[in-house]
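Student: Listed below, chain by chain, are the residues.
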Amino acid sequence: MTLVEPARRILVADDDEDVRETITFNLQMLGYQVTGVGNGEDALRVARQMVPELIILDLMMPELNGFEVLASLRGHPATREVPVVVLSARAADADVWDGWKAGADYYITKPFVLDELIHFIELVG
Amino acid sequence: MKSSILALVLCLVALAAGLVLGVPTAHPSGSPGVVAACTVAFALAGLLSVHLELRRNAFTVTPGEAVLVVGLFLLPPAQLVLAVAVGQSCACLIERLSGKAAFNVAQSSAAAAVAGVVFVALGHPQARSPWGWAAATLAVAGYFVVNVGAICTAVALAEHRPLREVAAATALPAAVAASASGCMGLLVAVLATLGPAVVLVAPVIGLLFVASRSVARHRSEHLRFRRLYTASSRTGGLTGLEDALVTLADEARLLVTGTTALACVDRADGSWAGVVVNDGGHRPATLDELRAAQRLVPRRSDDNDGHGHAGAATIARAVLPEALSRIAAGDVVVALSTAGEADHVALAVFRELDARDQAGGQADVLGAFARHAALTLANARLYQEVEEALRRQVDLNRQKDDFLATVSHELRTPLTSILGAVDTIARFGDRLPGERREQFFAMAKNQGQRLQRLIEDLLMVAAADAGTARCLATETDMDELACGLTADLGPLSGGRLTVELEPGLLRTDGEKLRRILVNLVENAVKYAPEGPIEVTGRRAGDFFELAVADRGPGISMFDRERIFERFVQLDQSSTRRQGGTGLGLYLCRQLVEVLGGTISVSGRNRGGTSFTVRVPDAGPQPLPSPGAGAGVGVGKVVPRRMAPAGVELG
Chain D
11 MTLVEPARRI
21 LVADDDEDVR
31 ETITFNLQML
41 GYQVTGVGNG
51 EDALRVARQM
61 VPELIILDLM
71 MPELNGFEVL
81 ASLRGHPATR
91 EVPVVVLSAR
101 AADADVWDGW
111 KAGADYYITK
121 PFVLDELIHF
131 IELVG
Chain G
93 MKSSILALVL
103 CLVALAAGLV
113 LGVPTAHPSG
123 SPGVVAACTV
133 AFALAGLLSV
143 HLELRRNAFT
153 VTPGEAVLVV
163 GLFLLPPAQL
173 VLAVAVGQSC
183 ACLIERLSGK
193 AAFNVAQSSA
203 AAAVAGVVFV
213 ALGHPQARSP
223 WGWAAATLAV
233 AGYFVVNVGA
243 ICTAVALAEH
253 RPLREVAAAT
263 ALPAAVAASA
273 SGCMGLLVAV
283 LATLGPAVVL
293 VAPVIGLLFV
303 ASRSVARHRS
313 EHLRFRRLYT
323 ASSRTGGLTG
333 LEDALVTLAD
343 EARLLVTGTT
353 ALACVDRADG
363 SWAGVVVNDG
373 GHRPATLDEL
383 RAAQRLVPRR
393 SDDNDGHGHA
403 GAATIARAVL
413 PEALSRIAAG
423 DVVVALSTAG
433 EADHVALAVF
443 RELDARDQAG
453 GQADVLGAFA
463 RHAALTLANA
473 RLYQEVEEAL
483 RRQVDLNRQK
493 DDFLATVSHE
503 LRTPLTSILG
513 AVDTIARFGD
523 RLPGERREQF
533 FAMAKNQGQR
543 LQRLIEDLLM
553 VAAADAGTAR
563 CLATETDMDE
573 LACGLTADLG
583 PLSGGRLTVE
593 LEPGLLRTDG
603 EKLRRILVNL
613 VENAVKYAPE
623 GPIEVTGRRA
633 GDFFELAVAD
643 RGPGISMFDR
653 ERIFERFVQL
663 DQSSTRRQGG
673 TGLGLYLCRQ
683 LVEVLGGTIS
693 VSGRNRGGTS
703 FTVRVPDAGP
713 QPLPSPGAGA
723 GVGVGKVVPR
733 RMAPAGVELG
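One line per chain: the protein sequences are D and G, in this order. To convert, note that position 50 of the first sequence is 60 in our numbering; the numbers rise steadily by one, no gaps. To convert, note that position 224 of the second sequence is 316 in our numbering; the numbers rise steadily by one, no gaps.
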């Protein structure tokens with residue numbers, strides 16, 4: 011007898027459609043339940059609705075940027091504990107440091123290797 | 093006259109009257125002839141004056157003590173005071189010192205009354221006895237104390253300066269002059285008792301007078317140079333142009349005891365700026381005043397000693413231009429100086445003081461100060477230039493940092509998609525459904541093309557910046573260009589693009605022109621999310637005029653100047669909706685310059701933006717150097733000098 015776990019829910023927020031599509035496809039193939047959004051406001055709204063088990067967050071997004079989304083997530087009791095992977099093309103040391111300070115659990119710079127992202131997701135799970 | 097000075101005059105008059113009327117004397121009255129002779133002698137002594145200047149006021153050293161000593165032996169106090177008062181009044185009338193006559197007469201009378209009463213109190217002795225000499229000396233001392241005390245008090249009241257400071261500046265020359273005159277008078281009095289021998293004293297009198305005059309003059313020069321030194325040290329470190337002008341004018345005013353000063357500077361770029369400073373404060377000089385001051389300046393070409401021109405002169409009120417004579421009363425001392433080849437400085441100071449014998453000296457001092465002023469102003473200008481250059485450099489550095497971050501971001505974004513797509517295909521291999529595989533291949537290809545475009549843009553900008561971009565003019569078919577644009581950009585614009593170009597051949601670099609239009613259309617697609625995007629073009633003489641118009645939110649007047657600059661993206665925030673490096677419009681401008689044309693941007697009536705590109709037929713003639721293309725001034729930001737204080741001339 012096998013214990014069937016419900017699929018783990020992951021939210022992907024990135025305004026670049028191709029990136030969002032690639033991540034979504036890969037994670038779905040691995041059995042995750044993935045929701046993709048294209049701007050910060052949607053990211054925050056969906057995150058509060060579905061309370062995902064992990065959020066993959068871009069920093070440069072329209073409406074609300076990643077830092078603002080991160081701050082709001084950390085300020086809300088429902089989403090305070092959700093792990094957040096920041097995925098950004100802002101690759102300078104100062105940017106990475108800003109991401110850590112804002113409360114990211116992990117910071118991946120674009121371009122990235124899918125294995126790194128998947129490894130972290132499995133580690134958290 | 094100020095009320096405090098009036099009160100002082102009344103006190104002195106009361107002192108004189110009280111002493112004369114209140115102290116009885118046994119000495120017989122002198123004959124009218126003696127009184128008249130004394131009066132004339134006092135008047136003459138009043139004319140033999142030496143001026144000593146104290147900022148705004150001057151006091152006069154006269155050999156009055158000499159006459160006083162003789163008068164003491166001949167006349168009772170009442171008649172002595174009468175002779176002094178009348179004699180002093182005459183001297184004031186002759187010298188036209190109307191403004192100060194009341195004070196001068198009052199203080200001389202009071203001093204003479206004190207001297208007379210002291211002499212009477214000591215027994216009114218005879219001239220030939222040692223006791224008589226001592227009494228006369230004490231009387232002169234009393235005269236001196238009242239005299240200098242009254243003058244110092246008046247000056248301190250008029251100029252709001254501490255009494256001690258005024259007294260320190262005046263006491264020494266006054267004491268030297270008084271003792272010299274007193275001795276002279278004593279000698280005359282003693283010799284007079286011997287009869288005609290009194291004539292022998294004439295050369296001695298002359299000598300003493302010259303000596304006292306030179307002491308007073310020396311003291312006056314000393315005071316002036318000390319003022320020059322302190323004025324220079326106070327203005328040395330000024331860095332703001334307006335501050336410097338105001339302070340220099342104020343110091344120049346104090347330096348030559350003037351009421352009002354005009355300081356103006358003729359800058360290297362040909363603009364004049366100036367300020368007028370008086371007791372009430374300062375204001376910018378008017379255009380007329382500056383022009384008049386320019387004409388006044390003594391330009392002596394023979395005085396060019398390698399340090400630029402310098403000159404100074406005193407100019408009588410009668411010959412002043414009207415614009416200047418309206419500024420203030422009095423004659424004007426003007427000085428000009430130049431620091432090297434750069435800024436000319438002109439100082440004009442209005443003086444009410446009547447000090448004819450020292451006018452030359454005043455001009456010299458002002459001339460010396462003008463040299464210093466020119467250096468100070470040149471210094472202030474250099475400081476401002478360095479500050480401005482530094483600010484620009486910091487600004488440019490910041491722009492470059494922003495640009496580097498943006499380019500890094502823009503390069504990473506397509507690369508992420510390419511690597512992600514390839515990674516996905518590799519990861520799942522045959523497990524990938526066919527249409528998915530196609531999708532990821534297409535993604536990799538599109539993003540690869542995006543990356544290629546970006547790199548081409550960067551290289552083209554670099555080439556244009558380095559001046560290696562050339563216009564390769566060929567016959568370009570405008571119909572073909574229009575079809576190409578519609579085909580390439582139609583899908584991207586979502587069918588909003590219309591292209592209407594007047595058919596025909598244009599001799600220009602077709603590839604660069606296409607690139608310009610592609611950039612402008614892509615820009616419109618990015619920033620005008622809805623409404624038609626129209627590309628139109630028609631021949632206009634030797635030029636072909638193209639316009640790319642959209643119905644987007646438009647660009648503010650202020651930003652229209654900036655958008656063609658390198659690295660500028662109006663929205664630099666991290667929530668901006670549009671990517672891009674900020675090179676698009678800069679590249680357009682560079683390419684248009686290479687083609688020898690112009691580009692400009694304007695707003696449209698019902699909202700939206702319209703870019704207009706004019707390119708010449710037959711290519712550019714001659715080949716323009718990038719960044720300095722003749723006639724390509726549109727969008728170029730011309731550095732504007734900071735408006736100097738006051739009014740600019742020319």
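Honestly, the hints are just simulated from the structure, not real lab data. Positions of the beta carbon are idealized from the N, C-alpha and C atoms, including for glycine. Incorrect hints may have been included.
As the list claims (entries may be wrong) - Which residues of chain G face chain D? A partial, calculated answer using Cβ under 7 Å: (1) H216; (2) G234; (3) V268; (4) S271; (5) R504; (6) L507; (7) D569.
Student: Please check whether G/S271 passes as an interface residue: C-beta within 7 Å of a C-beta belonging to chain D.
Tutor: Violated. Min distance 82 Å.
Student: Taking the closest Cβ pair, is G/D569 under 7 Å from chain D?
Tutor: violated, 36 Å
Student: Does the CB of G/L507 sit less than 7 Å away from some CB of chain D?
Tutor: Holds. Min distance 4 Å.
Student: Holds or violated: G/V268 as interface residue toward chain D, Cβ cutoff 7 Å?
Tutor: violated, 77 Å
Student: Can the hint on G/G234 be confirmed by a CB-to-CB distance to chain D that is less than 7 Å?
Tutor: Because about 85 Å separates G/G234 from the closest Cβ in chain D, which is outside the 7 Å limit, the hint is violated.
Student: Regarding the hint that G/H216 lies at the interface with chain D, is the smallest CB-CB distance below 7 Å?
Tutor: violated, 99 Å
Student: Any CB of chain D closer than 7 Å to the CB of G/R504?
Tutor: holds, 4 Å
When held up to the earlier numbered hints, the structure conflicts with 1, 2, 3, 4, 7 and fits the remainder.
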